[in-house]
Structure formats: C-alpha cells, structure tokens
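Protein chains in written order, with my numbering: chain C, 452 to 753; chain S, 940 to 1184.
Source of the hints: derived by calculation from the structure; they are not laboratory data. Incorrect hints may have been included.
Claimed, not checked - Covered, in the sense of this in silico footprint (three residues per stretch, anywhere, with C-beta under 8 Å from a C-beta of chain S), are these stretches of chain C:
(1) 508-518
(2) 524-536
(3) 574-580
(4) 641-655
(5) 666-679
Unchecked claim - Below 20 Å or equal to it, Euclidean Cα-Cα: the simulated SDA-like pairs (lysine to any residue) are:
(6) C/Lys517 - S/Asp1053
(7) C/Lys517 - S/Asp1052
(8) C/Lys742 - S/Pro1008
(9) C/Lys682 - C/Ala623
(10) S/Lys1153 - S/Gly962
Every residue, glycine too, gets a C-beta built ideally from N, C-alpha and C.
Spelled out, the chains give:
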Amino acid sequence: MHPAPSVIVFTALSGLGFGILAWLGFGRPDVTGSAAFALYFLGYALAVGGLISSTLHLANPRNATKAFSQWRSSWLSREGVLAVAALLVVALAAIGRVFLGGAPAWLGIVGALLCLATVFATSMIYAQLKTVPRWHHPLTPALFLGYAVAGGALISGDGRIAGVLLLLVGAAQALAWLQGAALFADSGSTAKTATGLGRFGEVSLLEPPHSGGNYLLREMGFQIGRKHADKLRVIGLVLGVLLPALLALATPFGAVWAGLAMALHLAGVLAIRWLFFAEARHVVSLYYGYKAETPSVERKTT
Amino acid sequence: MTQLPATTEKKLGLVIDLDTCVGCHACVVNCKEWNTSNYGAPLSDTDAYGADPQGTFLNRVHSFQVSPPEAPAMTVHFPKSCLHCEDAPCVTVCPTGASYKRTEDGIVLVNEDDCMGCGLCAWACPYGARELDALAGVMKKCTLCVDRIYNENLPEEDRVPACVRTCPAGARHFGDFADPQSEVSVLSRARGGMALMPEQGTRPVNRYLPPRLKDKSLREDKALTPVGEEPKGFLAWLDKALEAL
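Just chain C, with the same shape it has in the complex (with noise of 0.2 Å):
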C-alpha cells in the first residue's frame, strides 16, 4: 500500500497524543496548573495536529464534515466521532486541573477511555480491511493501542512502567513482522481464486489492462526492497523502543531525559509506520500479476 507521508504522520502523532492524554486522563501523573498545562498542551498539540494531518489526504475535504454521520457502520466515521468526544471530554478535566486545582476522577477516566476507544477506532480501519491481509489481523489494533500507551507512558513519571511496555510492545511489533509476510498466502486469495480460473491450471498475467500507471497501481501497488525493509526494522526497534526504554529504565527519567525519550521513540514509530503501509499487500494485485509470497522465498528475492 502507498505510504502516504499524512497518513502515517497522523497515525503516529495522534496515536501518541491521544496516549498522553489517557496517561494525565488515569492521573498519573497527577499535575496541576503549570506542569499540568504543559502537558496537557503537548498531549493536544500531537493528537489535533495528527487529526489535521489526517485531512491532507483527502480528494474532496469539502465533504469531511459528512465523515461523521455513518458511526453504525464505518469505523473510520467512529473514529471521527469518537476523536471529537474524546477532545471534548478531556478538555473538562485539563480546564479543571490547569485552572481549578484539581477535576474529579470519574471525568479524568471517562476522558481516558475515549481516547483509548478513539485509538481503537483507528486501528480498525486497517485491521477491518480483508482485503489487506498483512493488516486484518488481531495484532493491528494490538500495536496500535500498544504504542499509544508505551507512548503515552513515557510522561507518566514513572520510568518502570513506561521501559517495561515499550519493550513488550516492541516484542508484539517483532512477532507482527515474523507472522506478516505468510499472511497473505493464509487469506486464500490467489490468481486462480481472482480468475476462478484455477481449476483449469496454473494462471498468470499475460497482458495488463493498460500499459501506463492507473489509481489503482499507485495506491495499492506499492512496493519495497526487502533490504531497505530490514534496515528500517532495525532503525524502527532502536528508536521506537531499545533506546527509549533504556533511557526510561536507566537514568533519573526527569523531564528532560522524558522527552529525549519520547522524542526518539516517535521517530521510530514513524519509520515502523511507513513500513506498516509500505509492506501491505492488497489482493488486488493479483489481478496485475502478484504471486502471493511463501514466506522463505519472499525474503530472498525481494
């Protein structure tokens, strides 16, 4: 799948927004008026400016007011609405604890959970897709709400807490790889159940429809080297979690070791990201000559 910069900026930045604000949400930390305003302020800055991002894609954005009307079935609608609550909820208790002292808890939770819930919704636009077998998987949403509240964590205060779930979820991201690959060849879909030509023999493209590029090729035909693949494995692990989760479990964790922290690990989520998009496969392509990968010769030639 192409790996539109806007969409991966989105789900990366507001992800991790929408992490910090559940962590302040639970009340850890507990802040008030400065401190809480600071934090608050990041917490927003990430999840809106990802939500923004996310309109950038859009052919028609005229019409994106009407993205909230179909909550019953579309989980990109849910998303939307459930993001605006969340904004909404979360604002009560922020202006409560930046300028009255203190919120209740039962508003700092409800807060949370939607902001949890809205994470959810995000994921399950990729995981709902069968068409997409790399994402339609349990592991989707799984590591989406993971790196929210590993994310999340790393302004908790609580250097423990933020090292042990960045590295269990970095773990969950190393098994989403191993199994990815063989996902596709598991959905079923094959040039032969696309024809339905299979019972006669073997089927392979032998003309394409069109000799130059269409909508289709540019959105879902993309493709990467294997090699560029792993680099960016590598390059995701050490920034998205080994070096933050070092920095969370080894130094003081203060404000200042926090944001190096965080800094880093939101790059590695986005590399990890772009590779979330970059290596998905639609079965689409079968029709434009795809062979679905058996997992040990994919990776030697591509």
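Place chain S on chain C using the hints.
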C-alpha cells in the same frame, strides 16, 4: 446510508462469458465514453498525449495465460468491473454515506455530492472496481449504466449497460439474478457461472462463465506427429525426381 440492505428486490448484474470474449476492449472504450458524458463527474485523463498518460476507467480488460498441466496454454481475456456485491465491503466502510447499495435493484452507487475522496472504499474492494478520479477528487465506479437501463428516452434495445450494448462478440449479458428464469440466471446455471474471490465473503452478483475446453486432438498433442517415414506412390516418384535434378 452505508448500512447494507438485508435483501434487494432485484439483483441486477452482468454475466461475462470468458469463452467468447476476444479482448477487443470495445466495452472499455464505450464504458468510458458513456460514463464520461453522463452520470456524475467526467472520467478524467491526465497527461493524455504525454509520456505518462493515465486515466479513470470503470471497466478494464486483463489478459491471463492459463496453463493446464497436460495441454497447451490458453489465453483468457478477462473484463473486470464492479460486481455489485450483496455484502459490498466498499459500502459499509464509507464514513460520509456517499456509497450505498440500492434496495430496489441492488446497484452499488456513489453519491458524489457526499464523497470526501478518502479512498477507503477502494481499499475495501478486492476487485479494484473503484478508482478515485484525479481531477474531480471523488470516487468513480460502475453504475451498471443506471442512466441507460431505465431511460425511456432511449430505444428499448439501448436500455442495457454501454459495455453490454457494444460488445461485438456477445460476451456480456445484463439482467436480474433475483429472477431464476431471467436470461442471466439461466445462462449462469447452464454454464457454471463463477463468483470471483469467494473467500473474501463479498457475495458478488456478477458471474463469469468459464472458457470451454479446447479441441481434443490438440490436447493430446497429435498435431505435429509425422504421417510416415518413407514416401510411397506418387510422393515416392516426386521424391526421386527432385533428387535427380
């Protein structure tokens, strides 16, 4: 209304005969012509006369080689457009309500006035039936020529989708799959009409008729066996006469 109707009164769709299709792309051209000048935004082309021409099409013809284990390979031309699925995943993912499936005839349509061009419906479709128009910024897809099939200003023989009307080989058929006696239902039953990618769970309405098997003599590889080692009779005389020259 991006929730799917439980059932539709009619199930309008196409039967595409892979045995008859000659891969001429006339359906592609006539589809583009009709749909660029009628319902909704035109189907734009970019860099049409330049080095990298691209455009929006609602119907495309792929060509596949099918290689049976013990017979010569065959070419199968494969027209592909929206299959108007009963469980259309493109409809339920739509956040704005622009995509919908009509209760009366099952046609899947996009209301372009509501589309925000997010492209998620195109991701949800396994068949590549939806293309976002590069100029209009809205999603385009096969309408089953909804502006022809009910159009009383057209002569009756023209009230079928443009691709069906134009096919010179008669490889495309249009009708109601909810009616077991309709031409498309009978044809699909008689020839073993196939659904594409059934494992995706979309329950497509359109059906594809598989190609018929080729002649037996070819399949048994007899075409090029020599008829005899030594010439006899007239051929033997001719052989000698030509040797002597």
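Hinted pair C/Lys517 and S/Asp1052, Cα distance within 20 Å = With Cα atoms ~10 Å apart, C/Lys517 and S/Asp1052 stay inside 20 Å; holds.
Keeping to a limit of 20 Å between CA atoms, is the pair of C/Lys682 and C/Ala623 held or broken?
-> The given pair, whose Cα atoms are some 18 Å apart, holds under the 20 Å limit.
Given coverage of the segment 524-536 of chain C by chain S, checked by CB-CB distance under 8 Å (3 or more) | Coverage by chain S holds for the segment 524-536 of chain C (6 residues, Cβ < 8 Å).
Please count how many residues of the segment 641-655 of chain C have a CB within 8 Å of a CB from chain S and say whether that reaches 3.
-> holds (count 12)
Can the segment 574-580 of chain C be counted as covered by chain S under the rule of three residues or more with Cβ-Cβ separation shorter than 8 Å?
-> holds (count 3)
Would the pair C/Lys742 and S/Pro1008 pass a check requiring their Cα atoms to be no farther apart than 20 Å?
-> Since the Cα atoms of C/Lys742 and S/Pro1008 sit roughly 19 Å apart, the hinted pair holds (cutoff 20 Å).
Count residues of the segment 508-518 of chain C with a Cβ under 8 Å from any Cβ of chain S, then say if the count reaches three.
-> holds (count 10)
According to a criterion of three or more residues whose C-beta lies within less than 8 Å of a C-beta of chain S, is the segment 666-679 of chain C covered?
-> holds (count 4)
Hinted pair C/Lys517 and S/Asp1053, Cα distance within 20 Å | Status holds; Cα separation ~7 Å.
Regarding the pair S/Lys1153 and S/Gly962, is the alpha-carbon distance no greater than 20 Å?
-> holds, 18 Å
Of the numbered hints stated above, none is contradicted by the structure.
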